[in-house]
Amino acid sequence: MIEVSDLRYRYGDVDVLDGVTLSIPDGQYCLLVGPNGSGKTTLVRHLNALLTPDAGTVTVDGTDVTDDPVVARTRIGMVFQHPRDQFVAATVAADVAFGPENLGLDRVEIDRRVDTALDAVDLGDAAESRIDALSGGEQARVAIAGALAMEPDYLVLDEPLVGLDWPARQSVLDHLDALAADGTGVIVVTHDLRDLHERADRLVALHEGQVVLDAPPAEALDTLPDLGIRDPRC
Amino acid sequence: MLSYRPGSTVAHRLDPRSKLLFQFGFAIAAVAHPTLPWLVGTTAFALCALAAARLSPLAVLRSYRIVLAVLALAPFVAGVAPGPPWFRVDPALRSALHVGRILPVLLVSAAYLTSTPVRDTRAAVQRLIPGKPGQILGIGMALVVRLFPLVLADVREVRDAIHARGGEARPLRDRVRLLAVRSLERTLDRSDRLSVALRARCFAWNPTLPPLAFDRRDYPVLAVGIALAVSPLVSV
Amino acid sequence: MATEQSVDLVDDETVGLFTKAVLLAALTAGLAQLSIPIGPVVFSLQPFGMFFAGLLLGPLWGGVALLLYLLVGIAGAPVFSNGTAGIGYVIAGKTGGFLVGFLVGAVVAGAIAHRGIAPKPVADLSVPVQVVALTAAVAVVYAIGIPWMAVVTGLPFARAAALMAPYIPLDLLKLGIAIAIVQGGYLAGR
Numbered sequence: 094m095i096e097v098s099d100l101r102y103r104y105g106d107v108d109v110l111d112g113v114t115l116s117i118p119d120g121q122y123c124l125l126v127g128p129n130g131s132g133k134t135t136l137v138r139h140l141n142a143l144l145t146p147d148a149g150t151v152t153v154d155g156t157d158v159t160d161d162p163v164v165a166r167t168r169i170g171m172v173f174q175h176p177r178d179q180f181v182a183a184t185v186a187a188d189v190a191f192g193p194e195n196l197g198l199d200r201v202e203i204d205r206r207v208d209t210a211l212d213a214v215d216l217g218d219a220a221e222s223r224i225d226a227l228s229g230g231e232q233a234r235v236a237i238a239g240a241l242a243m244e245p246d247y248l249v250l251d252e253p254l255v256g257l258d259w260p261a262r263q264s265v266l267d268h269l270d271a272l273a274a275d276g277t278g279v280i281v282v283t284h285d286l287r288d289l290h291e292r293a294d295r296l297v298a299l300h301e302g303q304v305v306l307d308a309p310p311a312e313a314l315d316t317l318p319d320l321g322i323r324d325p326r327c
Numbered sequence: 006m007l008s009y010r011p012g013s014t015v016a017h018r019l020d021p022r023s024k025l026l027f028q029f030g031f032a033i034a035a036v037a038h039p040t041l042p043w044l045v046g047t048t049a050f051a052l053c054a055l056a057a058a059r060l061s062p063l064a065v066l067r068s069y070r071i072v073l074a075v076l077a078l079a080p081f082v083a084g085v086a087p088g089p090p091w092f093r094v095d096p097a098l099r100s101a102l103h104v105g106r107i108l109p110v111l112l113v114s115a116a117y118l119t120s121t122p123v124r125d126t127r128a129a130v131q132r133l134i135p136g137k138p139g140q141i142l143g144i145g146m147a148l149v150v151r152l153f154p155l156v157l158a159d160v161r162e163v164r165d166a167i168h169a170r171g172g173e174a175r176p177l178r179d180r181v182r183l184l185a186v187r188s189l190e191r192t193l194d195r196s197d198r199l200s201v202a203l204r205a206r207c208f209a210w211n212p213t214l215p216p217l218a219f220d221r222r223d224y225p226v227l228a229v230g231i232a233l234a235v236s237p238l239v240s241v
Numbered sequence: 002m003a004t005e006q007s008v009d010l011v012d013d014e015t016v017g018l019f020t021k022a023v024l025l026a027a028l029t030a031g032l033a034q035l036s037i038p039i040g041p042v043v044f045s046l047q048p049f050g051m052f053f054a055g056l057l058l059g060p061l062w063g064g065v066a067l068l069l070y071l072l073v074g075i076a077g078a079p080v081f082s083n084g085t086a087g088i089g090y091v092i093a094g095k096t097g098g099f100l101v102g103f104l105v106g107a108v109v110a111g112a113i114a115h116r117g118i119a120p121k122p123v124a125d126l127s128v129p130v131q132v133v134a135l136t137a138a139v140a141v142v143y144a145i146g147i148p149w150m151a152v153v154t155g156l157p158f159a160r161a162a163a164l165m166a167p168y169i170p171l172d173l174l175k176l177g178i179a180i181a182i183v184q185g186g187y188l189a190g191r
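Chains as they are written, first to last, in my numbering: chain A, 94 to 327; chain B, 6 to 241; chain C, 2 to 191.
Calculated directly from the structure, the hints in this document are not laboratory data.
Some clues are possibly wrong.
[What the hints assert, rightly or not] Taking lysine to any residue pairs in the SDA-like style, the calculated list, with each CA pair at most 25 Å apart, reads: (1) C/K121 <-> B/G171; (2) B/K137 <-> C/L35; (3) B/K137 <-> B/E190; (4) B/K137 <-> A/T159; (5) C/K121 <-> B/L193; (6) B/K137 <-> C/L164; (7) C/K121 <-> B/R198.
[To be verified] Pair by pair, the computed Cβ-Cβ distance ranges are: (8) B/A74 <-> C/A119: 55 to 63 Å; (9) A/G256 <-> B/L177: 32 to 40 Å; (10) C/I169 <-> B/F81: 20 to 28 Å; (11) C/V132 <-> B/L133: 34 to 42 Å.
[Stated by the list, open to error] Chain C residues, not near chain A, derived (Cβ > 10 Å throughout): (12) L10; (13) G17; (14) V105; (15) G117; (16) A140; (17) V141; (18) A159; (19) Q184.
We put the CB at the ideal spot given by N, CA and C, even for glycine.
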């Protein structure tokens, strides 16, 4: 269980997060939506202590994430926009191994995790491929595998679908469905709900640093245009 | 250009640490004495190293042709005299011997880089240098190799964009300033994104080190490398 | 998991300096592949790597940036001019000694500009300090590069110096451009 309590964060003169309270149970598939500048990215970067709040707390199973960032970052895997800038190695397997190596695991365990993570995104055959030679959709899946190799309970994806063509988009989403079905919590940050709203359990909308909507996606869709989000059915 | 080629030659099977030390030892030995017999000896030695990597000397010469062409000019520059006889042979020969010393070093470094993937050199650096400096330089090398093609593409894109907007007509100073600023901005944006990604993946001082195995065949190579490194101390 | 207790995370500030050093090493490599021919001499953009490394990162991390550049080149990545690589090029390339000069130059520029290991914001550096720092860096590059060239080629020192002299005004022009970039506020907040 991730619990966010009255989270506040200022950047310059702007209240980017203005008292966000939210709890996300294990295994939930949650969409976090909002227009640009609504605080989505800032919010998720607090979940694994990449940012430190000005006030309020984030806990994972009762532990404050700022007290133990290693546990927070292991339990909450994060995939960012621009996958090309988050790879640390030139080849797929070497990149996916980076997280487990940082945890100091032994080579046998690292290899096992890399194999498992690559299988989960159907890239088992691409282990030795050069990342730059892969398509955008495959690169997004390598980035997901890099997070999965930490064996997280939650996977947070910040705009993972930007720039992907339709088949690549479907493929990434199908893999997320499979992970969610296996019990991994999935949190997708996006301003584009196409193909997503039918897959998720819950939709949380942010506006000017506050939660303005929190409902199952089917019930939330009619309200979205008022919040500056396109209704994915149109 | 020469780059790593997968293979199973003697050179490929050596540990990168022994190859690195050999390479440095050889470079020290090769430049130590600008004399003809020494040059013949080091060149013969370098050809053996090329053979161990199954690399053709001609391929190496071709790939370093620009470097070699510039070096080949040196004896002429050295020989030119401001007055009669206008060209003096002695300084030209002296320069030729100096420049000649470099050839075997180029050959050996070519043998190294065609038989050693960059990640092996990175692993060697991370294991040879203890503690935080080794970690910074090891991971840093992997990241630079990973990011260099992206940054190069950025720089070329910026250059092309300046051209496309008629930048040719602007003074050199303005063109260079624009190119440097735009490239630097993109580079620093990538740095910001990379640092967040590294932190999210628990970038640590004490990770599991990349695997490397020192084998029996590495010891003679290491011994020769050390012997070469100290060879300048022995008078010939 | 027991292993996770001992993970020694790199602190946030160090990660930021480290990734800047990595990207400046990559930028130095990228700029080394572009050059603008002006008559017989070539206008190389490589020195900007050294200038920015020293000004933005200080002596330690600026030095790390240039050291990483040299190391990946020695390891075989085609990062030196014209896509070359290898220790042989660092020793013998026409810019060989200059490559090592760039490393020392970045450290010297960083030390003069920041007078300590931790870099200050670039906006806090006064123009005279920047001019002194970068001029010293250029001087160091030639102080290392010219004797190095003389040793490698067997040329008398004076002749090696005469060969390199046409490049000095170009490097001073680059120095001016680098300072204009900083003064233009393009690097504010970096």
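Hint check results:
| no. | hint | in the structure |
| --- | --- | --- |
| 1 | C/K121 <-> B/G171 | 37 Å, violated |
| 2 | B/K137 <-> C/L35 | 34 Å, violated |
| 3 | B/K137 <-> B/E190 | 29 Å, violated |
| 4 | B/K137 <-> A/T159 | 24 Å, holds |
| 5 | C/K121 <-> B/L193 | 16 Å, holds |
| 6 | B/K137 <-> C/L164 | 41 Å, violated |
| 7 | C/K121 <-> B/R198 | 21 Å, holds |
| 8 | B/A74 <-> C/A119: 55 to 63 Å | 45 Å, violated |
| 9 | A/G256 <-> B/L177: 32 to 40 Å | 36 Å, holds |
| 10 | C/I169 <-> B/F81: 20 to 28 Å | 23 Å, holds |
| 11 | C/V132 <-> B/L133: 34 to 42 Å | 39 Å, holds |
| 12 | L10 | 6 Å, violated |
| 13 | G17 | 12 Å, holds |
| 14 | V105 | 29 Å, holds |
| 15 | G117 | 26 Å, holds |
| 16 | A140 | 36 Å, holds |
| 17 | V141 | 32 Å, holds |
| 18 | A159 | 45 Å, holds |
| 19 | Q184 | 24 Å, holds |
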